[in-house]
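There are 2 protein chains.
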Amino acid sequence: MSSVDKQLEDLKAEITNELPRDISVSDVKYEGPELVVYTRDPKRFAKNGDLIRKLASKLRKRITVRPDPDVLSDPREAEPKILNVIPEEAGVTDLDFHADTGEVVIEAEKPGMVIGRHGSTLREITQQVGWTPEVVRTPPIESSTVSNVRNFLKQEREDRRRILERTGRQIHREQLSDDEWVRITTLGCCREVGRASFIVSTPETRILVDCGDKPGSDDVPYLQVPEALGSGANSLDAVVLTHAHLDHSALIPLLFKYGYDGPIYTTEPTRDLMGLLTLDYLDVASKEGRAPPYESEMVREAIKHTIPLEYGDVTDIAPDVKLTFHNAGHILGSAVTHFHIGDGLYNVAFSGDIHYEDTRLFNGAVNDFPRVETLVLESTYGGRNDYQTDQEDSEQTLIDVINKTYENGGKVVIPAFAVGRSQEIMLVLEEAMRSGKIPSMPVHLDGMIWEATAIHTTYPEYLRDDLRDRIFHEDENPFLAEEFNHIDGGEEERQEVADGDQAIILSTSGMVTGGPIMSWLRHIGPDPDSRLVFVGYQAQGTLGRRIQNGWDEIPVNDNDGRGRSSTLKLKMDVETVDGFSGHADRQGLENFVKTMNPRPEKVLCVHGDERSVQDLSSALYHNYNMRTFAPKNLETFRFK
Amino acid sequence: MSSVDKQLEDLKAEITNELPRDISVSDVKYEGPELVVYTRDPKRFAKNGDLIRKLASKLRKRITVRPDPDVLSDPREAEPKILNVIPEEAGVTDLDFHADTGEVVIEAEKPGMVIGRHGSTLREITQQVGWTPEVVRTPPIESSTVSNVRNFLKQEREDRRRILERTGRQIHREQLSDDEWVRITTLGCCREVGRASFIVSTPETRILVDCGDKPGSDDVPYLQVPEALGSGANSLDAVVLTHAHLDHSALIPLLFKYGYDGPIYTTEPTRDLMGLLTLDYLDVASKEGRAPPYESEMVREAIKHTIPLEYGDVTDIAPDVKLTFHNAGHILGSAVTHFHIGDGLYNVAFSGDIHYEDTRLFNGAVNDFPRVETLVLESTYGGRNDYQTDQEDSEQTLIDVINKTYENGGKVVIPAFAVGRSQEIMLVLEEAMRSGKIPSMPVHLDGMIWEATAIHTTYPEYLRDDLRDRIFHEDENPFLAEEFNHIDGGEEERQEVADGDQAIILSTSGMVTGGPIMSWLRHIGPDPDSRLVFVGYQAQGTLGRRIQNGWDEIPVNDNDGRGRSSTLKLKMDVETVDGFSGHADRQGLENFVKTMNPRPEKVLCVHGDERSVQDLSSALYHNYNMRTFAPKNLETFRFK
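Chains as they are written, first to last, in my numbering: chain V, 4 to 643; chain Y, 4 to 643.
Some hints could be false.
You can't tell identical chains apart in this list, so a pair holds if it fits in one copy or across any two.
As the list claims (entries may be wrong) - Below, in silico cross-link-like pairs of lysine to aspartate or glutamate (EDC-like), each with a Cα-Cα straight-line distance of 16 Å or less: (1) 84 with 99; (2) 574 with 556; (3) 597 with 464; (4) 32 with 17; (5) 635 with 182; (6) 643 with 613; (7) 635 with 183; (8) 574 with 161; (9) 46 with 495; (10) 61 with 137; (11) 643 with 177; (12) 307 with 8; (13) 290 with 478; (14) 440 with 183; (15) 643 with 71; (16) 597 with 395; (17) 32 with 168; (18) 574 with 555.
Just so you know, the hints here were simulated from the structure itself, not pulled from any lab data.
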């Protein structure tokens, strides 16, 4: 008998022992990090509201209870009973019964009302019908991404269970090595912005953190060195994704092409956004005539292998590693990632990309941990002078720029990441129009901004508290304001907009490296009355950075179907309004570290230009007396 | 056609073009780092003494010319002609014809006389008979190791040529990556003495430097991490061995068990000593009831795969790496190892173990290089107070100790490494007796000391100049002094010695971790008139270090055939006479760096206890303003 089977047998005995006599345990299995307990008495289980919590705390495991398939009631009988228990205001839009696991997935407009206080309504459902309910939100704005992901996962349910079971057995395997060390290997984003990728390794476990591309460059993480994928991609135990931006996620699907078959841990919104952004990444590559590094099938594999975690969940992902995500304030679902290694041996936190202050969209990044010895810190704005304007002042500047342009009869074109800054700017614009600070005018959303916004409204738990509450009330949902127009009519619609009255255009890509923003430059670039306004970080090597630096002759595709390109003379004004970045500025980074609890012993400054990481590393060393480093790519640091 | 075949074809054309019309080229092949040119006109080739040198310099390759097998003369006719050319005083002891390569191996007591001035006699031989002569020395003291290695290589000649050809093609393969970086990964001997092992890697090439055990511990290098052997031992391009001591060489044969099938670069004496020491290592393991990590077959594989290099030979070992060995002054054949990487990209030197000052046996370590940016420096005696007595004073102290013990009627027992310190002490004792500073008395050599000494006399080129000259004259060879007795009669002989008159005993192991020294402690340990004298470094965790620190109750095997052990009360005096170490002391290490030409930018201090590496690293930083590091095991540093 394998050590995992022995473990499960012992757990079954222990659980049986803990439960009242009249509740039977028919099977006990690992599914990913969870322990699934099958019972022939789901209703009795549900009656005793505290049982699961007690078991979980006693066994120190995440526990799910499911009915033994033998005792399931007929869905046709169960459905009306379930709908009877749930208040009508919950707005149930779908019920989906899965006889293989005894789960019923309830899609509702107001999931909170399906759950009830401390889960009371869920328990009531189980008491009535025996099935285990699982709740998902009906997107307030229709999102093809969310519905595609949900349908795909439904269809791949069986394969996914197989993956989860295998992963579960891997996580709970016997620990073999009695050696103790903790290492971080840098595979990218050191002394540069882009291609984020790290390996965290112990004698027992190897974890890949992020695997992104580099905007404005073909560089990818150093996956070819042996310490990256070792004897093959399956030598990784886990992949952890801090957030969905392509410079962190683009090459995650490539791992599956390389044969990886293990779990990806990330938040649910990051999973959906990764799907959206990586599919677009393939699309852009093919449009630009580059060979995409993997096929869309691999994006589906990545989604299928994702085990979504919520902020604060402490999760076993290997025999010697516990993972916890915390809000990073950067984009939807972005996470500060904390690894607890060994039994109190060592703790490493990766900031991922962070915003330290609250923004309109998000609460500021969490920097409070039970323990942390080493912090891997982003340094995008780590340079000596990388202080940004307060957002309040920035908003005023943006409003002034818009008003000025409006008066000139011009248009405002804002290149923005589909995910994050677009929604922040949308909130600013919506409020400014509502309160009359700028005239009401159309705000055209191009590229994937609309779709990304829909995903935001699907996961309001990940947004700032007051925004979440507004989204719950349809008539106050700022993203539904009538000024917002989804550009879904292609070049024709763009031409119309360009020929029309004053307007604001938000378009991808955020660093002007491709996408519909190129069309907008072609349409509006020659108009001296219009303005191009940068609101986000422009990485070295990108066209956005060059335009910021004064380039006014830019190569554009003629879009004549023959792939020719010509040079466009940019006549519109170019302005940069900082303060909207999704990244903490130098002050924010220092504050993040200064107020961090506990203060780490060591900080690795990464994800910044050479000067930024050096400046930040040296400042943290001098001001807070920590050991700081500005690693190069391809180095390995040992911490214990 | 492969790129190597294309290369060889081009080379053949170029060589044909360079040669006079009447010299034909029938084939051109790589054998290891050498380019072998086959000709049907070996005699004409030999007539023009400068041709090979000119070709080598023109093609920037090491070139060997061999006769096409079709034109070889009959060995029965060639032999008398060869003997006729060589002066009789050369003392030829064997001629061995190899028709497959047209080589004739000439074993002689005085190889220099076979070679002649600037190789004139060798050329004369080829002119006379067409064969390509190769010269080896007849050991002045019979050495079973040397004769076993030579016989084995003779027998495996064909297999070896296959290996060399494959290696040659690997070395000269097309370089694929246009990325540029240089890294060092530490797999052992960081903040510790023992288990030396490093990986030098570039985008193209991975080289393992040393692979040793750790005296007094079961720890071995971290070969299990993916950056060590990657997808398998054959992901290494080359193994480089700095010297034969087991803490550098013990696990080299293990690589062949793991499937390695590539070259080992080292000096010829290191190859033979490695054979001697690793076979003994297996023997000791089996005697102590431990499972040996590999079988003796693997030692033979290691020898078969060795490509011996001489000090100063600049050798291509990969498309982007040139290797050069220099005298390290530590033990016979020990080498400071210099890597020139890329075309002027970067230079790394590994000190290996070094002795900076001249000793009786060796010239001091070389620290003069064309270029070197990073030095990996041993730090055995790097500690703040690790200054050793001058050897002259140490010798006087040893003489005093011996005289005192002699007067008491006791015996002097000296634990010593078979290789290095034993021969140094032998030279001291021989001179002291010859000059009357100590009474003439038997010096018993136990363990492998005798055999190691024989190997020393086989390679006098690697010894200090004046010693080499003495060895060349049999009646002055100090190692042949009549006081030296080889203990080859086992326990019985040891008992006799113990029961007999005053004597000196030199016995392995040098750190009292096993071997015949344990017997000597049992025989002589209880005698308060005798003395145990340490003359070498005792690593932490070894019994030697414990005894040095005052332990006087030591566990000994009862040698009753039943494997029982008991505790022995040590009553003999224990003394440490420093100054004989094969290692540079703190001053020597600083001098090595201070006078190094050019001064490196970075120094990695390794191969020393935690305190020693920290002290040395900090001193070099403060005194010479270099970037210094005291790496941990399992780290990777990137230099370019």
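Each hint, compared with the structure:
1. 84 with 99: Only inside one copy: residue 84 and residue 99 sit 14 Å apart there, 98 Å across copies, limit 16 Å.
2. 574 with 556: within (9 Å within a copy, 91 Å between copies)
3. 597 with 464: neither (28 Å within a copy, 63 Å between copies)
4. 32 with 17: within (14 Å within a copy, 71 Å between copies)
5. 635 with 182: Classified as between; 15 Å across copies, 27 Å inside a copy.
6. 643 with 613: Classified as between: cross-chain Cα gap 14 Å, same-chain 27 Å, threshold 16 Å.
7. 635 with 183: between (25 Å within a copy, 13 Å between copies)
8. 574 with 161: neither (57 Å within a copy, 75 Å between copies)
9. 46 with 495: neither (59 Å within a copy, 85 Å between copies)
10. 61 with 137: neither (24 Å within a copy, 77 Å between copies)
11. 643 with 177: For residue 643 and residue 177, the Cα distance exceeds 16 Å both inside one copy (22 Å) and across copies (40 Å).
12. 307 with 8: Classified as neither; 25 Å inside a copy, 48 Å across copies.
13. 290 with 478: neither (39 Å within a copy, 86 Å between copies)
14. 440 with 183: neither (60 Å within a copy, 54 Å between copies)
15. 643 with 71: neither (45 Å within a copy, 60 Å between copies)
16. 597 with 395: Intra 24 Å, inter 59 Å, cutoff 16 Å: neither.
17. 32 with 168: Classified as within; 7 Å inside a copy, 56 Å across copies.
18. 574 with 555: For residue 574 and residue 555, only the intra-copy Cα distance (7 Å) is at most 16 Å; the inter-copy one is 91 Å.
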